[in-house]
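Enquirer: Construct the complete structure from the given sequences, taking the supplied hints into account.
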Amino acid sequence: MSDFPYLLTMIAVPAVGAAAVAALPRGREGTARQLALGVSLVVLLLAVLTTIAFDAGGERFQLTTSVSWIPDFGVDFALGVDGIALVMLLLIGVLVPVVVVASWRDEPTGRRSMRAFWAWLLLLESMMVGVFAATDVFLFYVFFEAMLVPMYFLIGSFGGPRRQYAAVKFFLYSLVGGLVMLAAVIGLYVVSANELGEGTFAFDALRQIEIDPGVQKLLFLGFFVAFAIKAPLVPFHTWLPDSGAEAPIGGAVLLVGVLDKVGTFGFIRYCLPLFPDASRDLAPYVLVLAVAGILYAALLAMGQSDMKRLVSYTSIAHFGFIALGIFAFTTEATTGAVLYMVNHGIATGLLFLVVGMLIARGGSRLVGDYGGVATQAPLLAGVFLIAGLASLALPGTNSFVSEFLVLIGSFPTRPVFTVLATVGIVLAALYVLLLYQRTMHGPPRGVLLEPAPETPAGATGAGDGATPATGSGGGATAATATLEAPAAAPARLRVRDLSRRELAVAAPMVAIVIALGFYPQPLIDLIEPAVAATMSDVGADPAGVSPQAPVEGTD
Amino acid sequence: MDTAPADGLIAASWLLIALPLAGAAVLLLGGRRTDRWGHLLGTGTVVAAFALGLLCTLQLDGRRVDVDLFTFVSTGSLDVQAGLLFDPLSAVFVLLITGVGALIHVYSIGYMAHDPRRRRFFAYLNLFVAAMLLLVLGDNFVALYVGWEGVGLASYLLIAFWHERPSAATAAKKAFIMNRVGDVGLALAIFLMFAQLGTVSYDGVFGAVGTLAAGTVTAIGLLLLLGACGKSGQFPLQAWLPDAMEGPTPVSALIHAATMVTAGVYLIARSAPIYDQTPTARAVVLAVGALTLMIGAIAGCAQDDIKKVLAYSTVSQIGYMFLAVGLGPVGYVAGLAHLLTHGFFKAGLFLGAGSVMHAMDDEVDMRRFGGLASRMKVTFVTFGLGYLALIGFPFLSGFYTKDAIIEAAFDRGDGWGYLLGGVAILAAGLTAFYMTRLMLMTFFGRPRWEPGVHPHESPTVMTAPMVLLAVGSVLAGFLLVVAFPLESWLTPVFGEPEEAEHVVAPLVVSVLVTVVMALGVLTAWLFVGRREVPVTAPVRVSPVTRAARRALYADAVNESLFMRPGQWLTRALVFFDNRGVDGAVNGLAATLGGSSSRLGRTQTGFVRSYALSMLGGAVVVAGALLAVTAG
Chain A
1 MSDFPYLLTM IAVPAVGAAA VAALPRGREG TARQLALGVS LVVLLLAVLT
51 TIAFDAGGER FQLTTSVSWI PDFGVDFALG VDGIALVMLL LIGVLVPVVV
101 VASWRDEPTG RRSMRAFWAW LLLLESMMVG VFAATDVFLF YVFFEAMLVP
151 MYFLIGSFGG PRRQYAAVKF FLYSLVGGLV MLAAVIGLYV VSANELGEGT
201 FAFDALRQIE IDPGVQKLLF LGFFVAFAIK APLVPFHTWL PDSGAEAPIG
251 GAVLLVGVLD KVGTFGFIRY CLPLFPDASR DLAPYVLVLA VAGILYAALL
301 AMGQSDMKRL VSYTSIAHFG FIALGIFAFT TEATTGAVLY MVNHGIATGL
351 LFLVVGMLIA RGGSRLVGDY GGVATQAPLL AGVFLIAGLA SLALPGTNSF
401 VSEFLVLIGS FPTRPVFTVL ATVGIVLAAL YVLLLYQRTM HGPPRGVLLE
451 PAPETPAGAT GAGDGATPAT GSGGGATAAT ATLEAPAAAP ARLRVRDLSR
501 RELAVAAPMV AIVIALGFYP QPLIDLIEPA VAATMSDVGA DPAGVSPQAP
551 VEGTD
Chain B
1 MDTAPADGLI AASWLLIALP LAGAAVLLLG GRRTDRWGHL LGTGTVVAAF
51 ALGLLCTLQL DGRRVDVDLF TFVSTGSLDV QAGLLFDPLS AVFVLLITGV
101 GALIHVYSIG YMAHDPRRRR FFAYLNLFVA AMLLLVLGDN FVALYVGWEG
151 VGLASYLLIA FWHERPSAAT AAKKAFIMNR VGDVGLALAI FLMFAQLGTV
201 SYDGVFGAVG TLAAGTVTAI GLLLLLGACG KSGQFPLQAW LPDAMEGPTP
251 VSALIHAATM VTAGVYLIAR SAPIYDQTPT ARAVVLAVGA LTLMIGAIAG
301 CAQDDIKKVL AYSTVSQIGY MFLAVGLGPV GYVAGLAHLL THGFFKAGLF
351 LGAGSVMHAM DDEVDMRRFG GLASRMKVTF VTFGLGYLAL IGFPFLSGFY
401 TKDAIIEAAF DRGDGWGYLL GGVAILAAGL TAFYMTRLML MTFFGRPRWE
451 PGVHPHESPT VMTAPMVLLA VGSVLAGFLL VVAFPLESWL TPVFGEPEEA
501 EHVVAPLVVS VLVTVVMALG VLTAWLFVGR REVPVTAPVR VSPVTRAARR
551 ALYADAVNES LFMRPGQWLT RALVFFDNRG VDGAVNGLAA TLGGSSSRLG
601 RTQTGFVRSY ALSMLGGAVV VAGALLAVTA G
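Heads up: the protein sequence lines correspond to chains A and B, in order.
Note that the first sequence covers residues 1 to 555 in the numbering used here.
Note that the second sequence covers residues 1 to 631 in the numbering used here.
Don't read these hints as lab results, they were simulated from the structure.
Treat the hints with care, as some may be off.
Some chain A residues flagged as far from chain B (calculated, every beta-carbon gap over 10 Å) [claimed, not checked]: (1) L24; (2) L366; (3) V401.
Covered stretches of chain A, going by a simulated chain B footprint (3 or more residues, C-beta under 8 Å) [unchecked claim]: (4) 301 to 307; (5) 330 to 338; (6) 384 to 397.
In this text the structure is predicted, and so the values were computed from the model without any measurement.
Idealized CB from N, CA, C, for every residue including glycine.
Expert: Structure below.
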C-alpha cells in the first residue's frame with residue numbers, strides 16, 4: 001500500500017465530491033449533506049492512513065508524487081508531506097466532518113441553496129489539503145490563491161448581514177498578499193535559474209541555493225507579507241474580525257482553524273529554510289509584531305461586544321504566540337508553534353462552534369444579550385468552559401502544551417519578548433472568563449428570556465440592538481422552534497441544552513482537547529524531525545537549547 | 001539523598017491522584033444517573049486515597065521514592081517526564097489533603113443535602129483534591145505547575161458554584177485572575193531554570209542550583225515567591241482570598257485549610273535548596289510573610305461576616321508560615337508544623353461556621369447571631385476548641401506551632417529577628433482579639449436573630465467531622481512537636497536540624513505570647529462582651545476601623561491601579577483599531593473595490609472582477625516568465 005497516492009487521493013476525493021454535490025438536482029438537500037459528510041469522513045480516513053504510512057524516523061518528505069506540469073518553467077505537480085504538513089492534514093481531516101455536522105441544520109440565506117454550501121466546503125477541503133501537501137513552490141502558490149475562491153463564496157453567500165463587505169475585504173487583503181508573494185515566487189525562480197542554470201520551483205532544490213543576502217531580504221518580505229496577512233499579525237489583521245464575525249460558523253472554524261495556518265506554515269516551510277539569513281536578520285522585527293499582537297489583540301478581545309469578533313481577536317493573539325515560537329529559532333519553541341497550530345485549530349474551532357450553538361439559540365451575536373445560560377443549559381456551559389479553558393491554555397488542555405513549549409523554548413534566545421508574551425496569559429484568562437461570566441453566569445437575562453407578557457415583542461426588542469438573527473443560518477431555525485414553544489412563566493430562560501447532534505459535534509473535540517493535553521508526545525514525535533531540519537537550515541542547533549549555566553557559573 | 005525505585009504500594013501512588021480524578025470524571029460524565037449515589041462515590045474515592053496515602057507513608061521509612069509514569073513532553077533538549085516523588089514532605093501533604101479533605105467531603109454530604117447540584121459539587125471537590133495531590137506529588141516543576149493551575153480551575157468552579165449570584169461569579173473570576181498573575185511568576189521561574197540548567201525536574205534543578213550565579217538564583221527565588229503569593233493569598237495578591245467566601249462553606253474549609261493556600265508554603269519548602277542559596281529572596285519571603293500576617297490580623301478585627309473573619313485569619317496565619325519558611329533551615333519545619341495544625345483547626349472552624357450558617361438560614365452577619373452556645377452544643381464545643389487552638393491557648397496545637405515560629409524569628413539574633421518576633425507576637429494578640437470577638441458575638445450574649453430563625457444543631461454527618469477535627473486541633477501540636485516530632489520525620493528532606501542557640505529562652509517567649517494573647521482576649525471582652533452588640537454596624541468609627549473594614553484598601557488599590565486603567569485602555573484600543581488601523585486600510589479598500597457594495601449585490605459583477613484580477617495576475621506571471629526566459 002505504500003505506493004498508494006494518498007495525497008493525490010486526498011485532494012481528488014473532496015474535489016470530486018464537490019462536483020458531485022454541485023451536480024445534484026435542486027431539492028436533494030438531504031442527499032447533499034449526507035454526501036458531504038461521507039466524503040469528509042473518507043478524507044479523515046485517508047488522513048489517518050497517511051499518518052500510519054508515514055515513518056516518523058524516515059526521510060523528511062514522504063509519500064511523494066510528482067508529475068511534470070508545466071515543463072517549460074520547471075513546474076511540477078509535486079506532492080509530499082513532512083511531519084508538519086502531516087499534522088495539518090490530520091487537523092483538516094478532523095475539522096471538516098465536525099463542521100459538516102455542525103452546519104447540518106443551517107438554512108441558506110436568500111435564494112442560495114445549501115447544496116452550494118456543501119460543494120464549496122468540499123472544494124475548500126481539497127484546496128487546503130493541496131496547499132499543505134505541495135512541495136513545488138508554484139503549486140503551493142496556485143493552491144494558496146485558489147483556496148480563496150471557495151472561502152470567498154462561503155463568507156459572501158452564506159454569512160451574516162455584512163457578509164458582502166467581509167468577503168470583499170477578505171478577498172482584497174488575500175489578493176494583495178498573494179500578488180506580492182507571486183512576485184517573490186517569480187523572483188525565486190529567476191534566482192534559481194541564475195544559480196542552477198535552469199529555473200526550478202522544487203522546494204528541495206531551492207533549499208540548497210545560497211541566495212545573496214540583499215535579495216534574500218526582498219524575497220523574504222514578499223513571502224512574509226502574504227503569510228502575515230493570512231495568519232494575521234498586527235497590523236495586517238483587521239480583515240479577520242470582519243470575516244470571522246460574518247462567516248457562517250462552519251466557515252469561521254475552517255478559516256481560523258486551518259486556512260490562516262497556511263500563513264504560519266509558510267513561515268516555517270518557506271521563509272526560514274529558503275531565506276535563512278534574512279530570517280535571522282529580520283526576526284527581531286517579526287517578534288515585535290508577534291508580541292505586540294499577543295498583547296494588543298488580547299486587550300481588543302476584552303473590549304469586543306460581538307462574540308464572533310471576540311473569538312477572532314483571541315486568534316490573532318494566538319497567532320502572535322505561534323509567530324514567536326517560529327522566530328525564536330529553537331527546536332523546542334518551533335515544535336511548540338507547530339503543535340500550537342494544531343491545538344489552536346481544535347480549541348478555537350470548538351470555541352467558535354459552541355459560540356455558534358449559543359447564537360443559534362438566541363439569534364444575537366452580542367455578549368450583552370446573554371446571561372445566566374449555565375443554569376438552564378449546563379452541558380452547553382460546560383463545553384463553553386472547556387473551549388474557553390483550552391483557549392487560555394490551562395494545563396490539562398491541549399493548548400497548554402503548545403503554549404508552554406513556545407514560551408519555554410523562546411525564553412533562552414529571546415527572554416524579553418518571552419516575558420512580555422507571558423503576561424499575555426493573564427490577559428487570556430481575562431478575556432475568556434469575562435466572556436464566560438457575562439454569558440453563562442449570573443441571573444438569567446437577555447434574549448433567551450421568555451418575553452414578558454405585557455410586551456409581546458419583548459424578545460425582538462431585546463434583540464434589536466443586536467445583529468439580527470439572519471447572521472447565523474442556525475439562528476433562523478432556533479427562533480422558529482422557540483416561537484412555537486408554549487410560553488412558560490415570565491423571566492425564565494427558554495434555552496435548551498445541547499441536542500444529540502450538537503453533542504456529536506462537541507464530544508470528539510472535547511476528547512481531543514483533553515487527550516492531547518495529557519499525552520501530546522505522539523504528535524511531537526511526528527513534528528520534531530521536520531522542525532529540526534528547519535532549524536539546521538536556519539543555522540540553529542537542531543538538538544535544542546543548551547543550558548547557559550556553566551558559562552555564568554564560572555564567573 | 002538517593003532516590004529509591006518505586007516498590008510495593010508506593011509504585012501505585014499514582015492511584016492517589018487517579019482515584020479522585022476518576023470520581024470527578026464519573027460524576028461529570030455520568031450526569032443525572034449518578035445523582036443518587038454521586039456524593040458517596042466522591043467521598044469514597046477520597047477516603048480510599050487517604051487509606052492508600054497512609055499505607056504508603058508507613059512503607060516509606062524515610063526514603064525518597066520516584067515513580068516514573070510516562071513521557072509527557074520531550075523535544076529538543078527539553079524532557080518532561082510525568083513522574084511522582086513520594087518523600088516525607090509529600091507524604092505529609094498527602095495525608096493532610098486526603099485526611100482533612102475526606103472529612104470535608106463527609107460534612108458536605110449533609111451540608112449540600114438540599115442542593116439540586118450536589119453531585120456536581122462533589123465532582124468539583126474531587127477535582128480539587130486530585131489537582132492538589134498532583135501538585136504535591138509531581139517530581140518536577142511542570143507537574144507542579146499542572147497541579148497548580150488545576151487547583152486554580154477547581155477553586156474557580158467551586159467559588160462560582162452558586163453562579164446565579166453575580167457576586168459569586170465575580171469572586172471566582174477574581175480568584176482565577178489573581179492566581180494567574182502569580183502563575184506568570186511560577187512559569188517564568190520554570191523558563192529561567194530551563195534556560196540556565198536545561199532541566200525542570202526537582203533532582204536536576206536542586207542538584208545544579210549551586211552552579212548558578214547569585215543573581216540568577218535570587219531571580220528564580222523571587223519568581224517562585226510571586227507564584228506562591230498568588231496561590232496562598234499573600235501580599236500583594238491577597239485580595240482574592242476573602243472574596244472566595246462566596247463559595248459554599250465546605251469549599252472555604254478546603255481552600256483555606258487543607259489545599260490551595262498551603263500550596264505556596266509547599267512550593268517554598270520544596271524549593272528549599274534554591275532558597276538556601278539566596279538570602280535576598282529569603283528576606284523578601286520574610287517581609288511578605290510579616291506584612292501579610294499583620295494585614296490579615298488587622299482586617300480580621302473589623303469584619304462582621306463570620307466567614308470573612310476566618311478568611312482574614314487564614315491570610316494572617318499563612319503569613320506566619322511564610323515568615324517561618326523565609327527564615328531558612330531553622331524555619332521550614334516550624335512553618336510546616338503550623339501548616340498542619342492550622343489545617344486541623346481552620347478546617348474545624350470553617351465547618352463550625354458552616355454549621356452556624358446552616359442553623360441561621362445562611363446568615364453570615366455576626367451582628368445577627370448571639371447566644372448560640374446553648375442551642376448548638378456540639379458546634380459550640382468543637383468551634384470553641386478550634387478557637388482556643390488558633391489563638392494559641394497553652395498546650396493546644398496552635399500554642400506549640402506558633403511559638404516555634406516566633407522563637408525561630410528571635411533566633412535570627414539580629415535586629416530584624418527582634419522586629420519579626422515582635423510583629424508575630426503583636427499579631428498573636430490581634431488574633432486573640434478578633435477570634436474572641438467572633439466567639440462572643442456568635443455564641444454568647446443576647447440572641448439578635450432575624451425573626452423566624454430557629455437555630456438547631458446540625459445532623460451527625462456534619463458534626464462528626466467537626467468532632468474529629470476538634471480532637472486534632474487539641475492534640476496535633478503536642479503530637480507533632482513533642483510526641484512524634486515532625487522535625488525528625490522531615491530530616492531526610494531538610495537535613496539534620498541544627499541545635500538552635502536560643503536568643504530568647506523558649507519559656508520567656510511562651511509566657512510573653514500567652515500574656516499578649518490574654519490581653520487580646522481581655523480587650524475583646526471589654527469591647528464586645530461587656531456591652532450590647534448593635535445589630536447594624538456603627539457608621540461613625542475611627543479611620544483605623546474604617547481602613548480595617550476595607551482590608552486596608554487592597555481592592556481599592558487594585559481597582560484604581562489596574563482595573564480602571566485597563567478598562568480605559570481596552571476601550572481606547574478598540575476605538576483605535578476600528579478607526580485607525582482598519583480605517584486606513586479601508587480607505588484603500590474603498591478606492592480599490594470602490595463599489596464593493598454594488599458589486600456585492602450582483603454576484604456576477606464580482607465574479608467578473610475576480611476573473612479580471614486573476615487575468616491580471618496571469619498577465620504579470622506570463623510577462624515575468626517571458627522576461628526570465630528572454631534574459
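Enquirer: All hints are to be evaluated individually against the structure, with a verdict given for each.
Expert: Checked hints:
| no. | hint | verdict |
| --- | --- | --- |
| 1 | L24 | holds (20 Å) |
| 2 | L366 | holds (14 Å) |
| 3 | V401 | violated (6 Å) |
| 4 | 301 to 307 | holds (count 3) |
| 5 | 330 to 338 | holds (count 5) |
| 6 | 384 to 397 | holds (count 4) |
In this structure, only the earlier hint numbered 3 is contradicted, and the remaining ones agree with it.
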